[in-house]
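With the sequences and hints as input, model every part of the structure.
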Amino acid sequence: MASSSSDPDKLMAKADKLTKLSFTRWNADWKSATSLYEQAAIAYRFRKDNEKAKDAFEKASKGQEMISSPWDAAKHMESAGALAKELARWNEVSDFHRRASELYRECGRSQPASDALAKGASFLEDNTPEEAIKMYDEACTVLEEDGKEQMAFDLYRAAASLYVKLEKYSDAAATFLRLGSAADKCNAINSQCKGYLSAIIVYLYAHDFQQAQKCYNDCSEVPAFLSSDQNRCAMKLLSAYEEADAEEIKRAAQSSAINHLDHVVIRLARKLPTGDLQTIKKLAADDGEDSLDENDLT
Numbered sequence: 001m002a003s004s005s006s007d008p009d010k011l012m013a014k015a016d017k018l019t020k021l022s023f024t025r026w027n028a029d030w031k032s033a034t035s036l037y038e039q040a041a042i043a044y045r046f047r048k049d050n051e052k053a054k055d056a057f058e059k060a061s062k063g064q065e066m067i068s069s070p071w072d073a074a075k076h077m078e079s080a081g082a083l084a085k086e087l088a089r090w091n092e093v094s095d096f097h098r099r100a101s102e103l104y105r106e107c108g109r110s111q112p113a114s115d116a117l118a119k120g121a122s123f124l125e126d127n128t129p130e131e132a133i134k135m136y137d138e139a140c141t142v143l144e145e146d147g148k149e150q151m152a153f154d155l156y157r158a159a160a161s162l163y164v165k166l167e168k169y170s171d172a173a174a175t176f177l178r179l180g181s182a183a184d185k186c187n188a189i190n191s192q193c194k195g196y197l198s199a200i201i202v203y204l205y206a207h208d209f210q211q212a213q214k215c216y217n218d219c220s221e222v223p224a225f226l227s228s229d230q231n232r233c234a235m236k237l238l239s240a241y242e243e244a245d246a247e248e249i250k251r252a253a254q255s256s257a258i259n260h261l262d263h264v265v266i267r268l269a270r271k272l273p274t275g276d277l278q279t280i281k282k283l284a285a286d287d288g289e290d291s292l293d294e295n296d297l298t
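Heads up, the sequence shown is in the UniProt record's numbering, so the first residue is 1 and it goes up one at a time.
Check the hints yourself; a few may be wrong.
Quick list of simulated restraints, FRET-style, between CB atoms [stated by the list, open to error]:
(1) E130 <-> K20: 38 to 44 angstroms
(2) D146 <-> H260: 26 to 32 angstroms
(3) Q150 <-> E102: 40 to 46 angstroms
(4) D245 <-> E86: 51 to 57 angstroms
(5) D49 <-> Q150: 50 to 56 angstroms
(6) S220 <-> K148: 24 to 30 angstroms
(7) S170 <-> D49: 43 to 49 angstroms
Derived from the structure by calculation, the hints contain no laboratory data. Note that the Cβ used here is the ideal one computed from N, Cα and C, for glycine as well.
So, in structure tokens, the structure goes:
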């Protein structure tokens, strides 16, 4: 191997020269330059020079775009994103993976496009969870728009888990309901019912009994949920709350229907009851009286 081939700095310099126009070079030679950028990127990565490897992969991606190869451009963008993660460049992680997703979509490939966003989100979970949630949401949307909701189930769960971590319980519940809606479209009844029960538990944990009750009523209009174990579990929980029966709540929270939910939801269920049960009982009683008044035609 020639010395220039083993020196990534020389490879980069040569590639940069091939892409610059001058009086003697009227057309950039992107094909040759891209090959050199790729060689340099691999050499830098082998040397553990992540900074230069990241830049080389970014340039290699640009080169693949210039020679009309968006698939390879996307692959290089993902490589740059992984190196940005090693360097703790969190803004670049999201930028590179979003760009990779766009390039995959140019190829008409929704699954890799979603995967690129999800991978970026997973890199960001611990350091910038809000941005990670946005990327999970975008990853779900890519699949939804292509009618591939079933491929997004794990992404909904990941986003909901992060919302719980951030104590954004309404958003977590809404995400579980979104999972339920997506599952309904592809007739995944078990996942649908688990999503609905998860949302109800999240509302109860957040001391929002009224929203939990409303959620239960809405979900019970779905025949698949109405006849499910998850429905029976939710009904037992809500009835125990209405009676302010802490022991019954704890028993219901140990049910097999809850044991098969996501770990983040199981942990919340095991902490029930939260909030002032007597206040909840009074609210439930007041709601019942209001309902009677609304139906009083005398």
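Evaluation of the provided hints:
no.: 1; hint: E130 <-> K20: 38 to 44 angstroms; verdict: holds, 40 angstroms
no.: 2; hint: D146 <-> H260: 26 to 32 angstroms; verdict: holds, 29 angstroms
no.: 3; hint: Q150 <-> E102: 40 to 46 angstroms; verdict: violated, 23 angstroms
no.: 4; hint: D245 <-> E86: 51 to 57 angstroms; verdict: holds, 52 angstroms
no.: 5; hint: D49 <-> Q150: 50 to 56 angstroms; verdict: violated, 41 angstroms
no.: 6; hint: S220 <-> K148: 24 to 30 angstroms; verdict: holds, 28 angstroms
no.: 7; hint: S170 <-> D49: 43 to 49 angstroms; verdict: holds, 45 angstroms
Violated hints, in rising order: 3 and 5; the structure is consistent with all others.
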